[in-house]
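K.L.:
Please build the complex by placing chain U on the supplied structure of chain B, with the hints as guidance.
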Amino acid sequence: MLAKRIIPCLDVKNGRVVKGRSFVNLRDAGDPVEQGRLYSEAGADELVFLDITATLEARQTIRALAAAVGRAVFIPYTIGGGIRELDDIKALLQAGAEKISINSAAVRKPGLITEGANAFGNQAVVVAIDAKRVGGGGTGFQPVPSESTGYKPVLPKWEVYIDAGTRATGLDAVQWARRVEELGCGEILLTSIDADGHTAGYDIELTRAIAGAVGIPVIASGGAGGPEDIWRVLTEGQADAALAASIFHYGQYTIAQVKEYLRDRGVSVRL
Amino acid sequence: MIAIVDYGLGNLRSVKYALDRLGVESELTSDPAAVARAEAVILPGVGAFGEAMANLRELGLVAPLRDYAASGRPFVGICLGMQLLLTRSEEHGLHDGLDIIPGQVVRFGQELTVPQMGWNQVRQARPCPLFEGLRDEDYFYFAHSYYCRPDDPAVAVGLTDYGQAYASTLQQGNVLGCQYHPEKSGPSGLKMLRNFVSLIKEQV
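Top to bottom, those sequences are chains B and U.
Just so you know, we're using the numbering used here here: the first sequence kicks off at 1 and counts up by one.
Just so you know, we're using the numbering used here here: the second sequence kicks off at 1 and counts up by one.
Be careful, since some hints might not be right.
[Said to hold, decoys possible] Residues on chain U that point at chain B, a partial pick, calculated with CB under 7 Å:
no., residue
1, ARG13
2, SER14
3, ALA18
4, ALA34
5, PRO115
6, TYR139
[Stated by the list, open to error] Just so you have them, the derived chain U footprint on chain B, three or more residues with Cβ under 8 Å:
no., region
7, 68 to 81
8, 113 to 123
Rather than coming from a laboratory, the hints here were simulated on the basis of the structure.
Glycine included, C-beta positions come from ideal geometry on N, C-alpha and C.
If we strip away everything but chain U, and leave its shape as in the complex, we get:
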């Protein structure tokens, strides 16, 4: 079973709708035990970083998510969910993240229209199983004001240009992240979710 982590923020339903469309079973859950036994975990999310971490703490999900990441099973963070994987964010004051992928979450420059809202391209800087069968520089849907700056540039497997090139797809072993919303990115996004789901089968 794929666990879609529900920590009381935003639009989780659309990830579930997309998996339903792919014919893949999933559950929305806030239960640490469900995360611990999941075959794959999706950490979605929109909203504010500090509030998201506070909710994860309150639900007792921080340690289970970190343990899960260390288990080697497929894990993807989407949008805010990807940012939560990092060490720290500067969104409305400094907030500690899950610190699974070392790095900082910082704001786009003042000269840019923020949030970045709309379809932008993902340049495949390094091979990543999420990109399987997708063309380089394909478009995905973004809606965010902060972006990830991982300490190790090698984990930035996909890059997007907005003012500058920044990490829009992350991979650190079994832990993946998409700054964009694959569940809202049409056929390319559904293909990417399919690629994520297929990582489960490779495990067995």
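One chain only, chain B, in its complex shape:
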């Protein structure tokens, strides 16, 4: 049976792993290659390296990183951050990355998704979607919908943000997800900007809305505080994989602990 995946994410800046809360106040947590190797040995199913430096020099750094990881780590890994053209994709895949992840460039130049998929297969092209709740639904109190009160439920919506969560695009996240699938993307890495860094759980509604809208796998990201959050997003949220950073980086939980928790609740995992 296909196992649900547990994916530690390593945010990389100037060649070092960092992790912040809601994309600011970054803290240093080590060497990416060594961390990747340790996670692989600890039972990670995959790794994601996101380069958040976003300068021209960073392109060379991240290519070198892709190759260094390839020599040391024998599980799949995805590299994202600062990819703008087909040459960037090609260089990272040829260095040994299994997949690349594009975010802002996918919005600015959707054709890049198709070019990448045609050249390297859609399984190699991940589109990262950073989404922010913009209305309706939510987890707070809502009156019961009824005709007598005239209240109609407002369905939740999420807007796509780019440039590390700083720029709103006006795109609806669910529609954008469908569109990137049509364009040839093979997997969606979905981050809730609202939940990211707060370790208070994933945005389950968002994840389920996207997973239900597309036929490609969805990796849920943002908000993992413990095994129960991961269990919820893989079951209620219908995600194929869960990405987490802080809970692993700071040693609150091991990957094995998370997987044992999932297995004991009937989720298929690789142990």
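P.N.:
Below, chain U without anything else, positioned relative to chain B:
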């Protein structure tokens, strides 16, 4: 020398990294003569079937690969490389393959999440030297939208369930195929590559 066939697609480097880790010499090559004289051949690959075959034709590798397969020396196709061993694929129109193992490459059903992406189990349906020392139903890393349907079910030595049971490991004599990526499947995958390499020594 082990020849890793480079036909201009995708992620070949990771197969080489894995062999390097095992301390096994290998070369990435597009040279038909290098294939002809290799002790073992690995046909890796990700990407589209039609484009892969077009590249193999352009590089003059189709006949050398078929001849090599007939030579009895160890040959393994990985992922798309395994699919290329078959007669035909329906990926983006019908395309002829190397036709070393008779069979068709077909798409997963619409009801499934495609590509199948992640770790799935390989059931050892028949003995195969690749499985030596590996436990039955061990996990390997898969990333594919199409799968192999060999004409002779006996060549399907390993099966995986995704919607239905399908052939994820093939063996027809010296010609082997893995739908998954052993080079990305952690210690189990490295062990499988080691098993493949050890077939060379048995030849001598």
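K.L.:
It remains to establish, for every hint, whether it holds in the given structure.
P.N.:
Hints, one by one, checked against the model:
The restraint placing ARG13/U at the interface with chain B holds, with a minimum CB-CB distance near 5 Å, inside the 7 Å limit. A cut of 7 Å between beta carbons decides the hint on SER14/U: the least distance to chain B is about 5 Å, and the hint holds. For ALA18/U, the interface hint holds, since its Cβ comes within 7 Å of a Cβ in chain B; the closest pair sits about 6 Å apart. A least Cβ separation of about 20 Å between ALA34/U and chain B goes past the 7 Å threshold, and the interface hint is therefore violated.
With its C-beta approaching chain B no nearer than about 5 Å, PRO115/U sits inside the 7 Å limit, and its interface hint holds. For the restraint placing TYR139/U at the interface with chain B, the shortest Cβ-Cβ distance is roughly 4 Å, inside the 7 Å limit, so the hint holds. Using a Cβ-Cβ cut-off of 8 Å, 5 residues of the region 68 to 81 of chain B lie near chain U, which meets the minimum of three, so the contact claim holds. Counting residues of the region 113 to 123 of chain B whose CB lies closer than 8 Å to any CB of chain U gives 6, so the stated coverage by that chain holds, three being the minimum.
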